[in-house]
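Participant: From first to last, the protein sequence lines stand for chains A and B. Note that my numbering has the first sequence beginning at 1, numbered continuously upward. Note that my numbering has the second sequence beginning at 430, numbered continuously upward.
Worth flagging that the hints you see were computed from the coordinates, not collected in a lab. Be aware that one or more of the hints could be misleading.
DSS-like mimics (lysine-lysine), calculated; alpha carbons at most 27 Å apart, straight line [unchecked claim]:
{"no.": "1", "chain 1": "A", "residue 1": "Lys408", "chain 2": "B", "residue 2": "Lys495"}
{"no.": "2", "chain 1": "A", "residue 1": "Lys138", "chain 2": "B", "residue 2": "Lys495"}
{"no.": "3", "chain 1": "B", "residue 1": "Lys495", "chain 2": "A", "residue 2": "Lys415"}
{"no.": "4", "chain 1": "A", "residue 1": "Lys407", "chain 2": "B", "residue 2": "Lys475"}
{"no.": "5", "chain 1": "A", "residue 1": "Lys119", "chain 2": "A", "residue 2": "Lys61"}
{"no.": "6", "chain 1": "B", "residue 1": "Lys525", "chain 2": "A", "residue 2": "Lys226"}
Non-contacting residues of chain A with respect to chain B, defined by C-beta distances greater than 10 Å in every case (computed) [unchecked claim]:
{"no.": "7", "residue": "Leu105"}
{"no.": "8", "residue": "Asn186"}
{"no.": "9", "residue": "Glu190"}
{"no.": "10", "residue": "Pro253"}
{"no.": "11", "residue": "Ile255"}
{"no.": "12", "residue": "Pro369"}
{"no.": "13", "residue": "Asp398"}
{"no.": "14", "residue": "Ile404"}
Where is the CB? At the ideal position from N, CA and C, for every residue including glycine.
Each chain is listed here by its residues.
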Amino acid sequence: MFISPIKRTLGAAAIAMCASTAAFAEDVELQFYFPVAVGGAAADTIQALTDEYVANNPSVKIDAVYAGSYQDTVAKVLTAARGGDAPQLSVILSVDMFTLLDEDLILPFDDFATTAEDKEWLNGFYPSFMENSRTGGKTYGIPFQRSTPVLYWNKEAFKEAGLDPNTPPATWEEMVSMGKKLVKKNASGEVERWGVRIPSSGFPYWLFQGLSTQNDVILANNDGNKTNFDDPKVVEALQYLVDLSGKYGVMAPGIIEWGSTPKAFFEGQTAMMWTTTGNLTNVRKNAPFDFGVGMLPANKRRGAPTGGGNFYMFKGSTDAELKAAFDFIKWITGPEQSAKWTIATGYVAPRPATWETDAMKAYTADFPPALVARDQLEYAVAELSTYENQRITRIFNDALEAAITGKKTPEEALKEAQQKADAILKAYR
Amino acid sequence: MTRRIEWVHAWLLLLPAMVFLFTFTHLPAVRTIIDSFFSTARGRRKSVFVGLENYQQLIDDPTFWKVLANNLWFALGTIPTSIAIALVMALWVNEKLAGRSFIRMAYFTPTVLPLIAVANIWLFFYTPGFGLFDQIATGLFDTGQHNFLGNPDTALAAVMVVTVWKEAGFFMIFYLAALQTIPPSLLEAARVEGAGRWTIFWRVVFPLLMPTTLFVSVNAVINSFRLVDHLFILTGGGPNNASSLLLFYIYETAFRFWDTAYAATLTVVLLVMLSLLAIGQFFLFDRKVHYK
């Protein structure tokens with residue numbers, strides 16, 4: 001699986017010997033780690049695209065390694081890099097950018113984008129996806145498998161509750177008032193169907209970031225060294241989330257599982273759910289009723305986080321290898337390839353050009369909900385990302401969970417989280 | 430000369446086991462202790478000697494105290510329960526009854542299944558609304574939904590139930606084997622003397638099972654610090670660390686936060702605790718154990 005140091009030295013020597021001829025014409029071997037977060041089709045599609053590239057570029061050999069979940073992938077890359085054997089390229093969570101920078105592992109793409117065409121490509125992504133990919137004026141990540149959360153609603157439940165089945169809630173107030181109508185209780189007063197479901201297990205910060213953005217506040221600065229957890233607007237957003245199950249009684253109390261959320265929606269246990277666009281195909285296949293997909297409701301503004309993985313390039317390889325890696329990334333994010341990827345997985349195509357292809361036009365004509373995520377990008381912001389990202393988000397998650405389960409007030413929980421985050425991040429200011 | 434050959438021979442026989450013990454147990458343990466006095470190396474900053482700073486951080490870390498307390502509750506809740514259940518099950522399937530081997534197998538099944546797979550099944554059992562427990566509860570008592578895993582007051586208990594279920598069958602096998610080594614003549618003699626069932630169990634069977642109880646309880650204690658696989662599936666340590674255990678926290682610190690130095694410090698605590706427990710058990714408990 002790994003290229004041995006000897007083999008690599010020989011490879012480097014071979015390249016050095018042939019330096020007089022065009023370096024790119026030499027055979028290069030690339031290692032490409034990728035995670036899969038949404039099931040088998042994704043791995044097959046990546047393999048198929050890689051094979052297609054190799055077929056067209058015989059001088060390049062790409063070893064596409066399925067590395068498990070996002071978590072596993074970053075662990076493998078870090079371990080390999082510490083052993084002096086980093087892959088040339090990998091797809092890793094966009095929010096891990098600061099961690100990778102801190103480990104001094106990744107290269108800015110700007111150094112490779114030398115021609116006018118390259119620069120145009122680099123500027124051709126949706127700006128909201130680039131927010132998580134740039135820092136200090138350099139681009140370290142190329143958006144690839146990116147997503148954003150949307151609102152799914154059960155049209156039959158809406159009809160039953162006397163609401164217009166084609167109009168989802170547009171504001172926080174509407175989500176509460178509609179939610180109240182949608183809650184259905186049985187004879188003994190137990191809830192059979194909740195109004196809305198915002199899952200909070202594992203990584204509650206992601207969907208919460210939808211609420212905080214809608215309340216017009218950003219959770220962390222662009223340098224990744226200062227968080228904003230105890231801002232009154234953040235407290236207000238968390239209070240709203242807590243009130244959904246407390247004061248308003250439109251959402252189940254306690255921590256709500258991510259995994260069983262689509263199932264609860266199919267079973268009619270909730271009339272609306274917030275979840276990732278990555279579930280589009282799943283819901284399309286399995287919902288036994290007519291459903292709608294809409295943007296998340298707005299408060300002070302519309303808003304949603306982005307999520308998912310970016311391409312990164314790693315230090316420690318030869319120029320020829322890196323050049324080939326850059327070329328491959330440019331190719332796979334090209335319109336046609338990216339369209340195939342989006343149609344197979346449901347990830348949001350990260351470039352406007354992709355949406356202009358015939359394949360994407362046919363796909364969205366057949367299944368218009370796929371467009372909702374794209375249209376929402378205009379309002380989307382960077383996913384929470386800082387130095388020591390996993391630890392900071394864990395602190396934030398703990399605070400959210402403490403408030404959701406009623407162990408602390410939103411204000412208390414967030415104040416504590418901000419203090420803990422400050423203690424860690426002050427080293428990076 | 431011959432003595433020397435014998436000496437070399439003995440070392441050669443010990444060598445393979447020693448090599449493995451040293452490389453995979455002693456060396457990492459020593460390395461961990463050393464690492465706990467250094468800071469975590471990041472790409473841009475080298476690891477430096479920080480003395481007891483990591484230990485200071487540990488004392489000031491509320492999450493550490495939380496997971497430590499959780500782990501003690503977890504041990505208190507799972508060890509006696511699973512041993513008691515194991516003993517009762519073993520006594521029962523040691524009797525002559527119809528379908529005995531089938532029941533034995535049924536009791537042992539949880540041990541054979543991988544914990545990760547089992548945790549996924551329990552996750553379904555616990556799911557609010559359409560999970561097995563809620564379906565039964567709603568069907569019988571009309572009680573509404575229970576969010577066992579999503580409530581900090583019940584999450585740890587829910588995780589403990591899975592552990593007891595998983596462990597009891599394993600311990601039962603040891604008790605069953607021990608029960609079958611008890612000579613029937615002892616029981617017959619007791620019966621001739623007019624001892625009742627309870628007296629026989631308490632005065633004859635239970636003392637003879639003490640070596641097994643010691644072995645099982647050492648294992649149970651170790652497992653209560655070692656078994657965290659199901660946490661990944663069931664709760665991820667949440668909500669707000671309500672169900673997180675020490676080893677799970679070590680994993681998170683080392684492989685999610687990449688703070689290897691602090692993870693090493695936590696590991697030292699775990700190591701010291703386990704050593705103390707093992708020593709305590711063998712030296713104190715051992716006196717009360719009746720070997721033949």
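Participant: Would you list, in rising numerical order, the hints stated earlier that this structure does not obey?
Facilitator: 2, 4, 6, 7, 8, 9, 10, 11, 13, 14
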